[in-house]
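Undergrad: Protein chains in written order, with my numbering: chain H, 29 to 227; chain B, 29 to 227.
Because the hints were derived from the structure by calculation, they are not lab data. Note that the structure is a prediction, hence the values are computed from the model and not measured. Where a beta carbon is used, it is the ideal one built from N, C-alpha and C, also for glycine. Some clues are possibly wrong.
[Said to hold, decoys possible] One side of the interface only, derived from the structure: several residues of chain H facing chain B at Cβ under 8 angstroms:
hint, residue
1, 95
2, 137
3, 138
[What the hints assert, rightly or not] Derived DEER-like restraints, expressed as beta-carbon distance ranges:
hint, chain 1, residue 1, chain 2, residue 2, range
4, H, 216, B, 151, 29 to 39 angstroms
5, H, 77, B, 150, 15 to 25 angstroms
6, H, 205, B, 222, 24 to 34 angstroms
7, H, 87, B, 172, 36 to 46 angstroms
8, H, 149, B, 216, 34 to 44 angstroms
9, H, 219, B, 208, 45 to 55 angstroms
10, B, 89, H, 215, 36 to 46 angstroms
11, B, 63, H, 36, 42 to 52 angstroms
12, H, 208, B, 220, 40 to 50 angstroms
13, H, 208, B, 222, 25 to 35 angstroms
14, H, 220, B, 173, 39 to 49 angstroms
2 protein chains.
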Amino acid sequence: MRRLYDFELSGSCYKVRLFLSFLGLDYEKVPVDFVNKEHKTETYLKLNPFGEIPIFEDDDLRLRDAQAILVYLAKRYDTTNSWYPDNAEAMGKISQWLSTGGGEIMNSAGARLVKILNYQMDLPKLQAGAVRAFEILDHHLADREWVELGQPTIGDIACFPYTALAGEGGIDMSKFKNIARWVERMKGLRNFISMPGIG
Amino acid sequence: MRRLYDFELSGSCYKVRLFLSFLGLDYEKVPVDFVNKEHKTETYLKLNPFGEIPIFEDDDLRLRDAQAILVYLAKRYDTTNSWYPDNAEAMGKISQWLSTGGGEIMNSAGARLVKILNYQMDLPKLQAGAVRAFEILDHHLADREWVELGQPTIGDIACFPYTALAGEGGIDMSKFKNIARWVERMKGLRNFISMPGIG
Numbered sequence: 029m030r031r032l033y034d035f036e037l038s039g040s041c042y043k044v045r046l047f048l049s050f051l052g053l054d055y056e057k058v059p060v061d062f063v064n065k066e067h068k069t070e071t072y073l074k075l076n077p078f079g080e081i082p083i084f085e086d087d088d089l090r091l092r093d094a095q096a097i098l099v100y101l102a103k104r105y106d107t108t109n110s111w112y113p114d115n116a117e118a119m120g121k122i123s124q125w126l127s128t129g130g131g132e133i134m135n136s137a138g139a140r141l142v143k144i145l146n147y148q149m150d151l152p153k154l155q156a157g158a159v160r161a162f163e164i165l166d167h168h169l170a171d172r173e174w175v176e177l178g179q180p181t182i183g184d185i186a187c188f189p190y191t192a193l194a195g196e197g198g199i200d201m202s203k204f205k206n207i208a209r210w211v212e213r214m215k216g217l218r219n220f221i222s223m224p225g226i227g
Numbered sequence: 029m030r031r032l033y034d035f036e037l038s039g040s041c042y043k044v045r046l047f048l049s050f051l052g053l054d055y056e057k058v059p060v061d062f063v064n065k066e067h068k069t070e071t072y073l074k075l076n077p078f079g080e081i082p083i084f085e086d087d088d089l090r091l092r093d094a095q096a097i098l099v100y101l102a103k104r105y106d107t108t109n110s111w112y113p114d115n116a117e118a119m120g121k122i123s124q125w126l127s128t129g130g131g132e133i134m135n136s137a138g139a140r141l142v143k144i145l146n147y148q149m150d151l152p153k154l155q156a157g158a159v160r161a162f163e164i165l166d167h168h169l170a171d172r173e174w175v176e177l178g179q180p181t182i183g184d185i186a187c188f189p190y191t192a193l194a195g196e197g198g199i200d201m202s203k204f205k206n207i208a209r210w211v212e213r214m215k216g217l218r219n220f221i222s223m224p225g226i227g
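Throw the hints in and build the complete structure from the sequences for me.
TA: This is the structure:
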């Protein structure tokens, strides 16, 4: 039984929902009341002591961290061996963008939490950190269709949500033309699904 | 030709040096003058636009991000298939700790930069974030010798440096008894090498 502890408006949960859709896998959703901080309750912290969403379960296996879940799903279910190809160079290259998607780009997630859920954090600093990451990503995509390998990988999925949602964090994305084209390319993938805030 | 862009006092570079030692691989070190911000120069940013150390090169391949480099090295050179075993469940579990080592535990790295290089950042916040991560790690290690699989993996390597160096960030580690035992276990591994600040 596959099960996702999910919050519809979370870009991190959306990474997993999106990849499950690309892979054509069904699963059960367990809604987490993120707005009322269910992810910080004792019950939830027993499942993930870091108090973060998503959590993914596959029978007896329980995983936290969106990027770790993408790695697992690719290795376990991607029969095309294209989303995280089984060789050192590809995995190293893609892992860079797993780190970026779970790292620098999360500044955009933070900015969005300030704007839409009134979190008390340093908005200008978060926005500046996000813009710095997007400048690098935009430049990187100037001569590439995808972040690595010339094909969509879990590196793209890890970076996509909080890039596409950056406007909700009050970040002006209009100058990032290469990112805009990459976002459209993502949307054109077979079995792409959207989420609120992504047009 | 293997080449590491390295700063001796960086825990992130040490992750790579340590794993290269475990794997018994030789390589060339290119010293980066981190104190004088060589990693923010135009020349360096051409190699890694994120302006961070380490960078690892293997012939024509160039990788940034310590965790991505660990994944590459394990897949390319670990003939024992034990540091990042080639199966979905193991990779998913270990990837969680790659994220933690490059994420929450980096609060300890930030605190250390404030204390030893006078970086202007929010020290109490960094220390509190690190302590929260160490509380989780310590609890996790209460009934485990290693972070996953009952054997040393790149998950341990990713979490080790800035845990063992936390004292330099002004963090009191004395209550984390399980972490202390895990640190000693790491030090006892064949071909372990140390760095300044790790006794």
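Undergrad: Is 24 to 34 angstroms right for how far apart the beta carbons of residue 205 of chain H and residue 222 of chain B are?
TA: Violated, since residue 205 of chain H and residue 222 of chain B (Cβ atoms, about 48 angstroms apart) do not stay within the stated range.
Undergrad: For residue 219 of chain H and residue 208 of chain B, compare the CB-CB distance with the range 45 to 55 angstroms and indicate the outcome.
TA: Because 48 angstroms falls inside the window, the suggested range holds.
Undergrad: Within 29 to 39 angstroms: is that where the Cβ-Cβ distance between residue 216 of chain H and residue 151 of chain B falls?
TA: Violated, at about 46 angstroms.
Undergrad: If I claimed the Cβ atoms of residue 77 of chain H and residue 150 of chain B lie 15 to 25 angstroms apart, would that claim hold in this structure?
TA: holds (24 angstroms)
Undergrad: Does the interface hint hold: is residue 138 of chain H within less than 8 angstroms of chain B, judged Cβ to Cβ?
TA: violated (13 angstroms)
Undergrad: With respect to the beta-carbon atoms only, verify the hint that residue 63 of chain B and residue 36 of chain H lie 42 to 52 angstroms apart.
TA: holds (46 angstroms)
Undergrad: Please check whether residue 87 of chain H and residue 172 of chain B have a Cβ separation lying inside 36 to 46 angstroms.
TA: violated (21 angstroms)
Undergrad: Does the Cβ distance between residue 149 of chain H and residue 216 of chain B fall inside 34 to 44 angstroms?
TA: holds (41 angstroms)
Undergrad: Per the hint of 25 to 35 angstroms, is the separation of the Cβ atoms of residue 208 of chain H and residue 222 of chain B within bounds?
TA: violated (48 angstroms)
Undergrad: Between the beta carbons of residue 208 of chain H and residue 220 of chain B, is the distance compatible with 40 to 50 angstroms?
TA: Once the Cβ atoms are compared, 48 angstroms apart, the range 40 to 50 angstroms for residue 220 of chain B and residue 208 of chain H holds.
Undergrad: If you take the shortest Cβ to Cβ gap from residue 95 of chain H to chain B, is it below 8 angstroms?
TA: At about 6 angstroms, which falls below the 8 angstroms cut-off, the nearest Cβ of chain B leaves the hint on residue 95 of chain H intact, so it holds.
Undergrad: That 39 to 49 angstroms hint for residue 220 of chain H and residue 173 of chain B (C-beta), does it hold up?
TA: holds (43 angstroms)
When each numbered hint is compared with the structure, violations occur for hints 2, 3, 4, 6, 7, 10 and 13.
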